[in-house]
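A.B. asks: So the sequences go chain by chain: A and B.
Once you know that position 162 of the first sequence is 162 in the working numbering, the rest is easy, because the numbers rise by one and skip nothing.
Once you know that position 257 of the second sequence is 257 in the working numbering, the rest is easy, because the numbers rise by one and skip nothing.
It is possible that part of the hints are untrue.
[Said to hold, decoys possible] No farther apart than 25 Å at their CA atoms in a straight line, the calculated lysine-lysine pairs in the BS3-like style are these: (1) B:154 to A:369; (2) B:457 to B:441; (3) B:154 to B:457; (4) B:33 to A:448; (5) B:305 to B:441; (6) A:448 to A:369.
Note that these hints are calculated values from the structure, not bench results.
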Amino acid sequence: MTILFLPEVILIFGICYILFIEIFGGKRREHFLITGVAVLLLTAIFELLILSATQIPLVFNGFTLDSFAVFFKIIILFLSLASVVLMRLRLFSVEECTVEALVANLSLTLVCLALVSVSDFVGLVSLLLIMTLAATLPRIARFRKLRELEAGGRSLMVSVLPAIIFVSLGLVVLSLRGNTGYGGLAWIEEFSSLGPAHVLGILVLVLCGASFFISSFPALFVFREASIGGSRLSWSFSLYMIPVTIFGVLVRLLGDWFFPSLVEIGGMVGFFGLSLWQNLILFLMMATTAVAALSLLKETSLRSLLGSLMTYHFGYLLVCFAAMSEKSVSAVLFGLAVDSLTFIMLFSAICRICPNETSLHLESSVRPKGIPLLTASVLLFALAGLPPFPGFITKFILLGSVFEAEMHGVVVYLIISQVFVAASLARFISRSISMADFEIETNRGRQKEIFIQCILVAPPVIATLFSSSILNFASHAYRFLLWS
Amino acid sequence: MISVSVFLPSIVAALTTVLAATFSSRGLRSLVKPMGLLASIVSSCFIVWLFLLKSSGGVSDLGGAVPWLPFFSVNYDLSFNGLNASLVALLALVFPLVHILDLYREDYLGRSVIYLLLQTGLLGAAFSQDLFLIFLFWSFCILPAYYLISVYSKENGPENGFSYLINGLVGNSLVFMSIILTRFLSETPSFSVQVLFESEKISRALSLGGLSFSLVSAAFIFLIVGIFIRISVFPFHSGISRSVRSYPSVFIVLHYGAFLPVGFYIFTKLVLSIFGNQFAYYSRPLLAIGVVGFVYGAFRSSVEKDLRSIGHYLFVSFSGLLLSGLACLNEQGVLGAMIGITSIGLTGALFGIVNSALADRGVFEVKSAKEKENATVISTSIVLTAGVVVLFCAVLGAPGTINFVSTSLIAFGVFEISPWYVLAVLFSFLLLATSGFRIVKFLLFYGVDSEEPIFLKANERLVFVPVISCIVFLGVSPNWIVTVARPVLMTLVSALK
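The shape of chain B in the complex, shown without the other chains (with noise of 0.2 Å):
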């Protein structure tokens, strides 16, 4: 059933190719379109149905393991846990979103085979158990990434794709290096996380001009410096920061609302099992890590102009966040993190549903006050102002929504490290708002350039309610997530202390 819910995005798109170069005419080739959108929900389907099957069998786990390439010791293992039951949810429902979203565009056949690849992708890297097959699902991402944004954009999409792929290659060989020394410097060599997190490492280190290295604590390093670059993590979050203004509009959606959920999740996986001993010793830095870029990213969000920015380092200050409550290494900043991870993943959608419905209408700046000559209240959508005003209270993580409760477990967890970080991630927060409330001040209250109100299609309407569901109904029911997901942490934790 695991296997179905991953391949079957990736079947439908060789045969929705196949059979939409087929098919000449329009009334059958109307009928191949929508099967991208109808493969993703099916997939999101069967996820839905696994959760039926973990919350009332009482099975633990869901899957197992199958030797594919035994001459190295790969195993072909997807299982349905407590970790990633929260993140393939998130997945579920991101995934059927941005299908709705681009349904009407002329263009839509050809986006959806790349948006069905991409969601097979990510869930494999969600659902795999062993390091070589998340490395693999992870980083086949790319490819269809890269040629979303070469083809997709409307500007310097082949250059923006090249800047893209480069950066997500650099990160990709780095985790590709930690893989390798992780895998041989295990007394168990092995693949499979649940081994490599059971077997103790060989301690070896490497000697260069008089200094010796540990070569378990570089596979650490390369991992965690290869994931931020890929994800654009404080310090590593440059990457994109220049061309997020040109990428596709679903590319917003994408990134903040899976890649970076997924990269997270991957991390957090990883340090926590294989890398425990490294990642307590090296917790203070990262702690302070974490809440620098929380205040970087939320500086600098308060003095962009762009939109796309504005998101961007927002995404970058909630990133620092997450790591800091990791970091943490207690019960509350770890059950905070991994909250965080799937209220990162929602706020991103949502910012990125309401990038999409401006960005299309040719709303890229925040403009203040003084430079509209006639300011007049917006009559804009009624869903698209629900969608700002949840989006506004989920960057400030205000009570109601599942980011008061992630945020206010990793303030905890801060504060038993030390209150002088609560009190910056607090002074961060009035960045934050500040951000916050200008974008809402602009879009309600001083209206856009072109002198008709915004009205949303059909299809835009529909995805911003899913997505507003879940921030507010996770933010006043969050016991859903943390029953799931709390055991489990608790497991790792634990064995780090």
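Bound-form chain A, shown alone (with noise of 0.2 Å):
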């Protein structure tokens, strides 16, 4: 009985009422979709919020339901939902708002909900597949441009790439097992049983794989990629949806099993007093955050830009990781939770800024809109880890359980990256404010615009005084997976 109330399971259910619609729905059948659609939303998110009050963790075929599970399937569901509610206030032109991209959207979000609980490899690298369809065919359907299908077609191909990895992966954990599932503890001693090189290849697999999704090295460019071309919509599930799923999975994969069983292998010592995996890691949370960071002091385009930021940002992410410790993946998951919040806020700006273009241009001759320009600044800012904003807390307890960990160069290496890219965002929006056209023509259209932008601005400000409760909860998700 309690499958049915499961919250893929009432998206499934949307995705046939949307097609149930278009098809026998009347003149109004728009309102219909996207209301309903946005209720079928709210109903899984309460859902899963009285689910997890009462009877996780559950398990079965491979999918567990617990506090992990329950944490990013809220994150989820609410960036879904948010980006109904943009195409309900009409934030997205009549190009995008189609009966296609519901579907996709809900897509997406149902295979994301399902990654966040796998625990199989066949499942995992199943859902990878279906994700990477969802989030691209759409960009591929709709395409203007001859460079913007081959972008998308260049994404599609690219993607089977992660697959092969995972499915090594699951090769790999078959041999050792006999079955493909994550396991828990039970198995650290067959871990063990391997050699340092062999645990450092399972280690290069996982995060390369996962690269191809949150645009770390050595796939650096798939959120460039993913800026060319298709709706707003679909480039907003790849730069936030899609990699807040991964790390979802990531933390699961690495956390559950990968990182205790590391204490029992020997001779792994590696360079500057840390072990080889740290090393790892932390090369390539360099080798992404300085790219990122070079990369935009050049950039002259708002997409690029954002895309430059996500990569920089999530490849920040990646020294939970090196440190692991309750506190620094706790501050991970308290910050992906916050940071989605501030997101949808950039977003719906941003949406604002150029309603007519796909992105603001620093060459181009439209002038961008001022008002919504500074709030998006405001906003970027926000997301580049500046105080008052809760990603300055993500960022703040980060550093401070990289420097628990002894990683003081490590330190180092992240403010002053940090400092760079603030100034590089500051840079660009100094550039766009000096185009900006802050004029509106009426008195009435002034005061809705301000408005918004105050709507726009204030969740991410109000989440900074409840960090407190979020940071509990993301910590409280965290302790569930094991470590000791």
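Since each chain comes alone in its own frame, lean on the hints to assemble the complex.
C.D. replies: So, in structure tokens, the structure goes:
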């Protein structure tokens, strides 16, 4: 009976509902579609909260519903709901608010929900492939220029690589255990029988596979490719919902069995007093953040700028795996939750800067709207981790835990890179402000714009006030996964 | 009560924005307009009430700590004590004046929101007793200041805002590194200033290329450099020297009247409480830097032509004087520096107000008699004349001004260390006198380029009165500040010894 009430089931029902309304709905079907989907998503969130208070953990057929999964599912459903609300508020153009966009939205949400619950490699690979299809096909279907079609095609082809990587990983696990489940502490002994080279190889496989979704080294091009063509909605999903999901997968994959096992394995001494696996993660993190920070300097398009910023952001969060303590991972979970709010607000502001264009471009003759540009600039700084926004608290706790793990040089590097990123953002914003149009024709229009921008800036500030509660929730979610 | 006085301005800022967006009729919008000023005044009244409570109740400190992020031992701790009493009183004076100064501008509504946010940030930094909170409030101020410069500067706004932001980010990042090091190098890891004051430091060193660097000393140096970059203290003063001419007039009031005193207060508080040993170790070099800064600033101000540049270097000079007072590590020097924080704020506010009155009328450069074709006795407003004269006296540290009290104490303190430093200080005062006299001579005797005499509006006249009164009153009766600040300071100084 419980299965009937899972959010995934509600979303499947939602997709059927969309198709039904599209076929049989009358003139007001758009209204029914969007409102209905929003209600369903709200129901899913509500149902998840009730379920989490009563019956978890639940495990069936390679899927686990525990506090950790609930935490990520709420973030994903919230992102999806926000995109539907933005559709309802007509922040997107008519071309972007189509039935296929709604179906793609729900499909992608469904797959992401399943991914944070999956605890089996077969399920993982299958869902990753489906997720890539759900994210890429809408971009290809609605291409306007050949380069957009090519970019979509490249994304599809490249998505085969992580699938191959995770299939390889699954085969390794299969050879060790005889099944493809993530397992838990129960099979640490088998894992510990491998040498350091094999262990590092597994870590490389995991991180390389994930890099194709979070645009980290060596797949630094992913967000840039995602910014070519496609609707703003699909672009936002590639930039945030998918990376958040992959982080959930990574923490479950690595935190559940990988890192506890490392304690048992010898011969892992690396450079600068750290272990080899820490050196590896730090190298990936630094390569990602350095390239992203440098590319921010030369960006002239807001889309590309945001892509580079998110590359830096997720690269930065990778450091939690190097520190691998409860504090560092809880800080990342906290950051993913609060930054999702900031990202949605930022995205909404961006949609209002150049309503008729896909992006603000510094070399374009189109003048961006000044008031939403100011809001977007505040939210960009918030995402970059400037106080008093919750992103700053995330980075502060993360840096503290990295310092506690005796990685002092990394702390210095991260602070310097963050200053660099903030400076690059300021440069872009300053140039944008100088070409912005602050005039609004009517007083009523001006008031409406200011009102909307106040609504957009408020949530991240309010989230700072409730940081303690969110941090406790994140900490509880992680503690459920085992770490001792 | 402390939280109310800190957060009320930002709550009203949010309310003002929403109401201004909601009301379309002019009548209703005109009701919304003075909300910023009222909120600032109410917040200031709360601070005055705190004063009365403290002075009458015999309570040593007001406030207390509440856990905020216990996960990382961060407490919400705002307190009102002898160390921050005069500073918050200064802020309580400056911010309402800033609102009054801009009240009749067309774009006042947008500006008032920024001033209210800055008031929250600076009051929070002044009241906070937790390192994390101090840093949070202090670094929060950089964003509203950036937007104030970018949007409201007359020329090159975005470029000036960008350079100001870079300056601030570099400073903040160094302070941030210092805070992280401080927490983890303490035997009792905490962000509470009180706990850090009482606990010992873990002596750890970083080895680089055969050289060993003490991490505690590194934290200390990061803190000094970070704060000095942010508030433009010698030798890190060039961050804003180039752009200060184009900043909005009100930013000059805020920077010298609020940012500079708060920055110096944070510096004083942290070096005396947490880095006492390091401060004692580096006191001589810091004293030398302070004296050199004082001389350098005085010299530069005597050769500059632009009014704002003259003022900028005057305050570089005063900052050097404060630093040298602190670095004396004796009772007179440290007390003089603490009083000097208030005096520099009041002088800065007065300079900003004078500059605002002149800049709005196109007067930017101080010209000599040779450059004027027809030298006439200027008929300026009496209030402006009084303001200029009091400013001149304050710059010189003339008796009757609070600057005299602070300068004298610092001079006594420095004299105990080395009489030669005092000679350098005295020489610099001659240079300062030259700068001040140039300004006075130009304004009072050689007129301005416009043919009409300077006529100040009511709000412009009004703002002069409280600032001049405070400078003179505290100069005549400094006991008020001394009684409040001395006990806490002496505790800190004796702990150093």
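A.B. asks: Taking each numbered hint in turn, which are not upheld by the structure, reported in ascending numerical order?
C.D. replies: Nothing - there is no hint that the structure violates, so all of them hold.
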